[in-house]
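Quick mapping for you: the protein sequence lines, in order, are chains Y and X. Residue numbering for the first sequence follows the UniProt record's numbering, beginning at 1 and increasing consecutively. Residue numbering for the second sequence follows the UniProt record's numbering, beginning at 1 and increasing consecutively.
Just so you know, the hints here were simulated from the structure itself, not pulled from any lab data. Among the hints, erroneous ones may be present.
Note that identical chains are pooled: a pair holds if it fits in a single copy or bridges any two copies.
[As the list claims (entries may be wrong)] Here are the computed lysine to aspartate or glutamate pairs in the EDC-like style, where the Cα-Cα straight-line distance is at most 20 Å:
(1) Lys163 with Asp64
(2) Lys97 with Glu34
(3) Lys163 with Asp51
There are 2 protein chains.
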Amino acid sequence: MMAGIPMYQASIATLTRSLKILDTILAKGAAHAEAHKIDPAVLIGSRLYPDMFALARQVQVATDTAKGCAARLAGVETPKFEDTETTFPELSARIAKTIDFLASVRPEQIDGSEHREIVLKLGKHAITFDGQAYLLNFVLPNFYFHVTTAYDILRHCGVEVGKMDFLGSLSA
Amino acid sequence: MMAGIPMYQASIATLTRSLKILDTILAKGAAHAEAHKIDPAVLIGSRLYPDMFALARQVQVATDTAKGCAARLAGVETPKFEDTETTFPELSARIAKTIDFLASVRPEQIDGSEHREIVLKLGKHAITFDGQAYLLNFVLPNFYFHVTTAYDILRHCGVEVGKMDFLGSLSA
Numbered sequence: 001m002m003a004g005i006p007m008y009q010a011s012i013a014t015l016t017r018s019l020k021i022l023d024t025i026l027a028k029g030a031a032h033a034e035a036h037k038i039d040p041a042v043l044i045g046s047r048l049y050p051d052m053f054a055l056a057r058q059v060q061v062a063t064d065t066a067k068g069c070a071a072r073l074a075g076v077e078t079p080k081f082e083d084t085e086t087t088f089p090e091l092s093a094r095i096a097k098t099i100d101f102l103a104s105v106r107p108e109q110i111d112g113s114e115h116r117e118i119v120l121k122l123g124k125h126a127i128t129f130d131g132q133a134y135l136l137n138f139v140l141p142n143f144y145f146h147v148t149t150a151y152d153i154l155r156h157c158g159v160e161v162g163k164m165d166f167l168g169s170l171s172a
Numbered sequence: 001m002m003a004g005i006p007m008y009q010a011s012i013a014t015l016t017r018s019l020k021i022l023d024t025i026l027a028k029g030a031a032h033a034e035a036h037k038i039d040p041a042v043l044i045g046s047r048l049y050p051d052m053f054a055l056a057r058q059v060q061v062a063t064d065t066a067k068g069c070a071a072r073l074a075g076v077e078t079p080k081f082e083d084t085e086t087t088f089p090e091l092s093a094r095i096a097k098t099i100d101f102l103a104s105v106r107p108e109q110i111d112g113s114e115h116r117e118i119v120l121k122l123g124k125h126a127i128t129f130d131g132q133a134y135l136l137n138f139v140l141p142n143f144y145f146h147v148t149t150a151y152d153i154l155r156h157c158g159v160e161v162g163k164m165d166f167l168g169s170l171s172a
């Protein structure tokens, strides 16, 4: 009777779409730094509160969340990225590497993973989910949290990005 | 062979869960204001940049996105809320009203809406989606954007909220 949303569409396709948007937002940050003669490192190191993550780390965690999701749902090894990015081109390259990894996972590896057991280690804790709860209750909120906070940091620094940049193209 | 994620779980259940989390985060903001003898109106009116929305408006748009989603997917009228909230109890009441509306929509009104035509008016533009694209490309990013930015505003103001408050309970 009803098909539901394929896991691939709700995970890989959605994350890939938003990673491209994040890359575009960061490019506006880089352009803003250049136009206003701001050292890009200032934006990369900006944060909303002293014990919050700076911009670079927001991008690292967003991409980690995306590649961890693809790997766990597909049941393959998560690629390790060194967290060494300190420039806009390096952050863009990290996003591109993440998108490449997501593209290497095929729909047939992801679809049907709704009830696959997923174990997530968060600090000292290990949380066991099924694939659907992992995606809806952890991956998507956590991913959008870091993409939004990256946007909010740039916006707070005066970069001219707007809500439509965050939403991306909405036409079919 | 594969069932996919039921639309109700990806929309109503997910939005309701996160609205409760938003309410908890706001309660921490209210408690912080009281403990530190800050006028709550200062937090309610805080924003990350002069032309961004203040905290109250972030909560209004998050709840609008949630109730609009429930109404559009179910094919019922969206309840209109006046945007008059200026206190933490009023914002909490708005969230409660939104959760009540979401609870009034039954799974059988939502499941199967993946391919329902949804027309969204954004300013001068009308965008036509199917239910699945509306949910994945507009509702969830937009909703999490405003919940995250509400969190980021409070965090930026020094309220002791943390990532686990944002993610909520992750145990099954």
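Against the structure, the hints:
no. : hint              : verdict
1   : Lys163 with Asp64 : between (24 Å within a copy, 16 Å between copies)
2   : Lys97 with Glu34  : neither (25 Å within a copy, 46 Å between copies)
3   : Lys163 with Asp51 : between (26 Å within a copy, 12 Å between copies)
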